[in-house]
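Start from chain A and add chain B according to the hints.
Protein chains in written order, with our numbering: chain A, 1 to 315; chain B, 316 to 634.
FYI, nobody ran anything at the bench for these hints, they're computed from the structure.
As the structure is a computational prediction, the values presented were derived from the model and not from experiment.
Watch out, some of these pointers could steer you wrong.
[What the hints assert, rightly or not] Derived Cβ-Cβ restraints for the label pairs, each shown as a range: (1) B/Leu-362 / A/Glu-70: 53 to 59 Å; (2) B/Val-628 / A/Ala-29: 39 to 45 Å; (3) B/Arg-387 / A/Asp-177: 17 to 23 Å; (4) A/Glu-259 / B/Ala-370: 35 to 41 Å; (5) A/Arg-207 / B/Glu-532: 33 to 39 Å.
[Unchecked claim] Listed next, the in silico PhoX-like pairs over lysine-lysine satisfying Cα-Cα at most 25 Å (straight line): (6) B/Lys-500 / A/Lys-315; (7) B/Lys-487 / B/Lys-500; (8) B/Lys-570 / B/Lys-399; (9) B/Lys-440 / B/Lys-524; (10) B/Lys-570 / B/Lys-500; (11) A/Lys-62 / B/Lys-487.
[To be verified] A partial selection of chain A residues facing chain B, derived with a Cβ cut-off under 8 Å: (12) Ala-34; (13) Phe-43; (14) Trp-49; (15) Thr-51; (16) Leu-157; (17) Ile-160; (18) Phe-164; (19) Thr-195; (20) Val-205; (21) Leu-283; (22) Ala-289; (23) Ile-294; (24) Leu-305.
Quick reminder that beta carbons are idealized off the backbone N, C-alpha and C, glycines included.
The residues making up each chain are set out below.
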Amino acid sequence: MATRGGVIQTAWGPVARSRGRRWRGAGTALRTIASALIALVFFAPILWWVTAAFKPSQEILKAPPSLTWEPTLNWFRVVLGNQDPTSFNVEQSGGVGRGSGGGTFYSIPYLRDSLIVGLGSTLLVLALTAPAAYALSRFRMRRRQDLVFWVLSQRMLPPIVVAFPLYTMYRQLNWVDTYHGLILVHAAINIPLATLLLMSFFNEVPRELDEAAMLDGLSRFGAFWRVVLQYTRGGLAATAILTFVFSWNEFLLSLVLTEVDIRTVPVASSTFTTAFFVEWGYLAALGTASIVPIFVFILFVQRHLVRGLTLGAVK
Amino acid sequence: MANVDVAGPSRHARPQGAWAPVTRVTRRFLTWDRPLVWLLPVVLVLLFIGVYPLAYNLYNSFREYNVVDFPRRYDWVGLDNWRKLFTDGRVRGALGTTAVYVGAALVIEFVLGLAIAVLLNSGPKLAGLWQSLLILPIVVPPTVVGVMFTVLENAEYGVISWLTYELGLLDKSEPLLGGTGRYAKVAVLLPDIWQWTPFFVLILLAGLKALPEEPLEAAQVDGASAWQRFVHITLPMLRPMLAVAVLFRLVDLLKVFDYIFVMTQGGPGRATEVLSLYTYSRTFQEIQWGYGSTLGLAILVVAIVLANVYIRVFRVEWD
Numbered sequence: 001m002a003t004r005g006g007v008i009q010t011a012w013g014p015v016a017r018s019r020g021r022r023w024r025g026a027g028t029a030l031r032t033i034a035s036a037l038i039a040l041v042f043f044a045p046i047l048w049w050v051t052a053a054f055k056p057s058q059e060i061l062k063a064p065p066s067l068t069w070e071p072t073l074n075w076f077r078v079v080l081g082n083q084d085p086t087s088f089n090v091e092q093s094g095g096v097g098r099g100s101g102g103g104t105f106y107s108i109p110y111l112r113d114s115l116i117v118g119l120g121s122t123l124l125v126l127a128l129t130a131p132a133a134y135a136l137s138r139f140r141m142r143r144r145q146d147l148v149f150w151v152l153s154q155r156m157l158p159p160i161v162v163a164f165p166l167y168t169m170y171r172q173l174n175w176v177d178t179y180h181g182l183i184l185v186h187a188a189i190n191i192p193l194a195t196l197l198l199m200s201f202f203n204e205v206p207r208e209l210d211e212a213a214m215l216d217g218l219s220r221f222g223a224f225w226r227v228v229l230q231y232t233r234g235g236l237a238a239t240a241i242l243t244f245v246f247s248w249n250e251f252l253l254s255l256v257l258t259e260v261d262i263r264t265v266p267v268a269s270s271t272f273t274t275a276f277f278v279e280w281g282y283l284a285a286l287g288t289a290s291i292v293p294i295f296v297f298i299l300f301v302q303r304h305l306v307r308g309l310t311l312g313a314v315k
Numbered sequence: 316m317a318n319v320d321v322a323g324p325s326r327h328a329r330p331q332g333a334w335a336p337v338t339r340v341t342r343r344f345l346t347w348d349r350p351l352v353w354l355l356p357v358v359l360v361l362l363f364i365g366v367y368p369l370a371y372n373l374y375n376s377f378r379e380y381n382v383v384d385f386p387r388r389y390d391w392v393g394l395d396n397w398r399k400l401f402t403d404g405r406v407r408g409a410l411g412t413t414a415v416y417v418g419a420a421l422v423i424e425f426v427l428g429l430a431i432a433v434l435l436n437s438g439p440k441l442a443g444l445w446q447s448l449l450i451l452p453i454v455v456p457p458t459v460v461g462v463m464f465t466v467l468e469n470a471e472y473g474v475i476s477w478l479t480y481e482l483g484l485l486d487k488s489e490p491l492l493g494g495t496g497r498y499a500k501v502a503v504l505l506p507d508i509w510q511w512t513p514f515f516v517l518i519l520l521a522g523l524k525a526l527p528e529e530p531l532e533a534a535q536v537d538g539a540s541a542w543q544r545f546v547h548i549t550l551p552m553l554r555p556m557l558a559v560a561v562l563f564r565l566v567d568l569l570k571v572f573d574y575i576f577v578m579t580q581g582g583p584g585r586a587t588e589v590l591s592l593y594t595y596s597r598t599f600q601e602i603q604w605g606y607g608s609t610l611g612l613a614i615l616v617v618a619i620v621l622a623n624v625y626i627r628v629f630r631v632e633w634d
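Only chain A is shown next, with the shape it has when bound in the complex (with noise of 0.2 Å):
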């Protein structure tokens, strides 16, 4: 329990000092138990399908889930190994049956792609967005604000709307189905959140440092590369990660956009729901297998969640 000064802080304000411990250590256990509940409601939905993704069919399909299972990789051989299904002793593991619809459940290319444009629009984003986000946290200009909220709008713009737009100028420029023209789309619809992100974070570095680095013969820009940017790594890694995560995650527009040669992640989940006939095992070998990784960056960068998923809004 957080005190300070000696008296107990919670939400509701401090608690009188007046109250017994014992009856405060019952408040805690409470509360404890209270948080608990609610964090393993949220994180449930998680555990069990990451644990669907080592159970037999059969048990996929079981509610109440079963708890105790003979674990099976077959799911993960199929999606991460490209073995054949039909290998499989049929009995022994549950019933791995055909994959159907549209693709076959082998999913390294979609990790792959998926990766390739997370990785590449990441990069993009960020040469674009840090010489922006530095002039806007330390030049004067006239309608500075209105040039933020402009950034910001960008934010709000629905990807229904730029879809069909988009993927008519990719049919002429011969870019739908390439890595660049998905590359660039994510990278643009990143752009708010890490130009007002590392804006928020340059903020914090003194406008001191800048001008004395200018003051030791270092150009505007020898400043905000080689003192800023260096003041401001923490804050660098964590909008890398986020709009990585944004890339990662994009549905709609990778949909709209690409074809039979790059298939991401999100597209190729939603084409295995639509199949006539499912085995949900497959889908939940790709969803761990494209959720853990996320997971361990997140955890990383978590106290900069707030900020970016606000734009700086909220620290």
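For chain B alone, kept in the frame of chain A given last:
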């Protein structure tokens, strides 16, 4: 500062030869001291994604793609698409579905998020762990969430469906997914609530931790009850954070597409057809490119109006 720059040797070297006028101009105007040089790449990309598509949609809204004649072409239709927009029953349906979805999600996520944030801030043990577990739903790809909830809500073997039967909330004859679609809106709301309630929790938790203690202590000395302190002091001080959280959810909820596309594709019937899904199906399934563009613009107008009204009313500010 400026003196140091001007005193640099490069400024004095006069460019020679045929390119001299050009280099002189670029040296004069394209220096690192000009904000435009820093901002230009971002401005260009935003024109590409934020301005060109709108102009193209506007242009397209006055014509319609002709799929009957060959070679395929666009026909000019004047204001037909715009007239159709106001008489189309599916637009009204989708508008209603979107309003219900956005309203229900906002209210439920707001209330749940506030309650959970207050609980986590009241000093449970291992608060950091519970918070980390709550973060995880936010970063799961929405399509994967859609797939998860499709299985969880399956009428035969879904865990959530099973819970609704056990608790006596629903009957197998009218389940969450399937049946007549009576509860379809609830079915597609659950993933959003699961994924984005933690967003409110995180923001409000950050807000609660940053609150000054003095007003609360003073109120307590004055004999205010815990509830009074919460309603009259904590909530008003959280208002800026609440405003930002609601604004972001509002904007994102108006775009909602992924869960519904994966789970129901707008069905059964049109029970879960929200505006972006309707636009998608007109544009990419029915190949009515002109009318689809008109619908896209209409969504944008709704989004801009709502967001602006909201920003004005709650005085949300960025800096």
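Starting from the hint list further up, note which numbers the structure goes against and sort them upward. Going through the list in order, the structure violates hints 4, 6, 15, 20 and 22 and respects the others.
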